[in-house]
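Visitor: Turn these sequences into a full structure, and let the hints guide you.
There are 2 protein chains.
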Amino acid sequence: MKIPRLTVVTLGVADLSKATTFYETVLATPPNNSFAGVTFIELPGTWLSLYPLAALAKDISPEVPLVHSGFSGVTLAHNARCRDDVIAIIERARSAGACVMKAPQETFWGGFSGYFADLDGHYWEVVWGPMFTFAENGELRLKDKG
Amino acid sequence: MKIPRLTVVTLGVADLSKATTFYETVLATPPNNSFAGVTFIELPGTWLSLYPLAALAKDISPEVPLVHSGFSGVTLAHNARCRDDVIAIIERARSAGACVMKAPQETFWGGFSGYFADLDGHYWEVVWGPMFTFAENGELRLKDKG
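These protein sequence lines map, in sequence, to chains A and B.
Heads up: the first sequence is residues 298 to 443, going by this note's numbering.
Heads up: the second sequence is residues 298 to 443, going by this note's numbering.
Derived by calculation from the structure, the hints in this document are not laboratory data.
As the structure is a prediction and not an experimental result, all values here were calculated from the model.
Beta carbons are placed, not taken as given, at the ideal position from N, Cα and C, and that holds for glycine.
Treat the hints with care, as some may be off.
Below, computed lysine-lysine pairings styled on BS3-like, alpha-carbon distance capped at 30 Å [claimed, not checked]:
1. A/Lys315 - A/Lys399
2. B/Lys440 - A/Lys315
3. B/Lys315 - A/Lys355
4. B/Lys399 - A/Lys440
5. A/Lys355 - A/Lys315
6. A/Lys315 - B/Lys315
7. A/Lys355 - B/Lys440
8. A/Lys399 - A/Lys440
9. A/Lys399 - B/Lys355
10. B/Lys399 - B/Lys315
11. A/Lys440 - B/Lys355
12. B/Lys440 - B/Lys399
13. B/Lys440 - A/Lys399
14. B/Lys315 - B/Lys355
Have a look at the derived ranges for each label pair, beta carbon to beta carbon [claimed, not checked]:
15. A/Phe405 - B/Asp441: 45 to 51 Å
16. A/Glu433 - B/Asp441: 25 to 31 Å
17. B/Val397 - A/Arg378: 36 to 42 Å
18. A/Gly367 - B/Asp312: 18 to 24 Å
19. B/Cys379 - A/Cys379: 26 to 32 Å
20. B/Glu403 - A/Trp406: 43 to 49 Å
21. A/Pro301 - B/Val397: 31 to 37 Å
22. B/Ala432 - A/Met428: 27 to 33 Å
23. A/Phe405 - B/Asp381: 22 to 28 Å
24. A/Ala351 - B/Asp441: 31 to 37 Å
Guide: Listed below in structure tokens is the structure:
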């Protein structure tokens, strides 16, 4: 009965084909289109899925509006292994059509971070931080404080 | 240089303390509050983090507005092991203060799913589906089609 895992993050998109191509390029991972109308990108840990925005809203409830404005209040992050990877990944996203919201730069907390918005305005932070490390399977970990 | 993993999903929240308590209850996972101003919930696979909405917007860019309306276009999902778990988790979220947007029900694609909105209106789907299974480490997998 526990819910110990976020299994899938779904992004509502205007053009499923374009969004799928964008993420295939940025994530360097082949998407799975074998389910009609939805793209699953089976990343380790938690999947990303892409689904037409109106269909996603309707799936939640008829009460959910089909439009949005302002800040969604959600960001996705990729923790990179070093500053150079932050720069390279943001550049790859830009080449694929993303809008760079914040060029990679030092942060007030001692990290190095940039943001891009995908084709539908969903925000990604690409970040390196000195307090983070990775488990053998690639999962993010906090360094021991001792 | 690959970006093979979504490491963190950050939700902007109005009240960090209330949101932290909500997710501690729903996820049954102790949050890590040792970083001033941000809550990390170190789930396996991909973490969830909670951060005040205005600070999150400002972190992206001064151009990002502090308000939002309509549908954010993002949903988070927990794939459950069975229908009864879907019902139990949605009920636990409701008890913790969530708004149930869609009561657990059969879906058109052969699954069983419900949605809730958290204290800040972020949507979660709790879902079981016959095409999904789990790896030993708990990661979501598609069943073999053969």
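Visitor: Does lysine 399 of chain A sit within 30 Å of lysine 315 of chain A, going by the straight-line distance between their CA atoms?
Guide: holds (23 Å)
Visitor: That 31 to 37 Å hint for proline 301 of chain A and valine 397 of chain B (C-beta), does it hold up?
Guide: Given a distance of about 21 Å, which is not inside 31 to 37 Å, the answer is violated.
Visitor: Does lysine 355 of chain A lie within 30 Å of lysine 315 of chain B when you go C-alpha to C-alpha?
Guide: holds (29 Å)
Visitor: Please work out if lysine 399 of chain B and lysine 315 of chain B have their alpha carbons no farther apart than 30 Å.
Guide: Within the cut-off at roughly 23 Å; holds.
Visitor: Below or equal to 30 Å on CA atoms is what counts here, so check lysine 440 of chain B against lysine 315 of chain A.
Guide: OK: lysine 440 of chain B and lysine 315 of chain A at ~27 Å, within 30 Å.
Visitor: Is the straight-line distance between the alpha-carbon of lysine 440 of chain B and that of lysine 399 of chain A 30 Å or less?
Guide: Measuring from Cα to Cα gives roughly 40 Å; hence the hint is violated.
Visitor: With the threshold set at 30 Å, check whether the alpha-carbon distance from lysine 315 of chain B to lysine 355 of chain B stays at or below it.
Guide: holds (21 Å)
Visitor: Measuring from beta carbon to beta carbon, are alanine 351 of chain A and aspartate 441 of chain B in 31 to 37 Å?
Guide: Cβ of alanine 351 of chain A to Cβ of aspartate 441 of chain B: about 32 Å, so the range 31 to 37 Å holds.
Visitor: Verify the CB-CB distance for glycine 367 of chain A and aspartate 312 of chain B against the hinted window 18 to 24 Å.
Guide: Check passed, 19 Å falls within 18 to 24 Å.
Visitor: Please test the hint of 25 to 31 Å on the beta carbon pair from glutamate 433 of chain A and aspartate 441 of chain B.
Guide: For aspartate 441 of chain B against glutamate 433 of chain A, whose Cβ atoms are near 26 Å apart, the range 25 to 31 Å holds.
Visitor: Within 36 to 42 Å or not, the Cβ separation of valine 397 of chain B and arginine 378 of chain A?
Guide: holds (41 Å)
Visitor: Taking only the CA atoms, is the gap from lysine 399 of chain A to lysine 355 of chain B under or equal to 30 Å?
Guide: With a Cα-Cα distance of about 11 Å, the restraint between lysine 399 of chain A and lysine 355 of chain B holds, given a limit of 30 Å.
Checked against the numbered hints listed earlier, the structure breaks hints 4, 6, 13, 19, 21 and 23; every other hint is satisfied.
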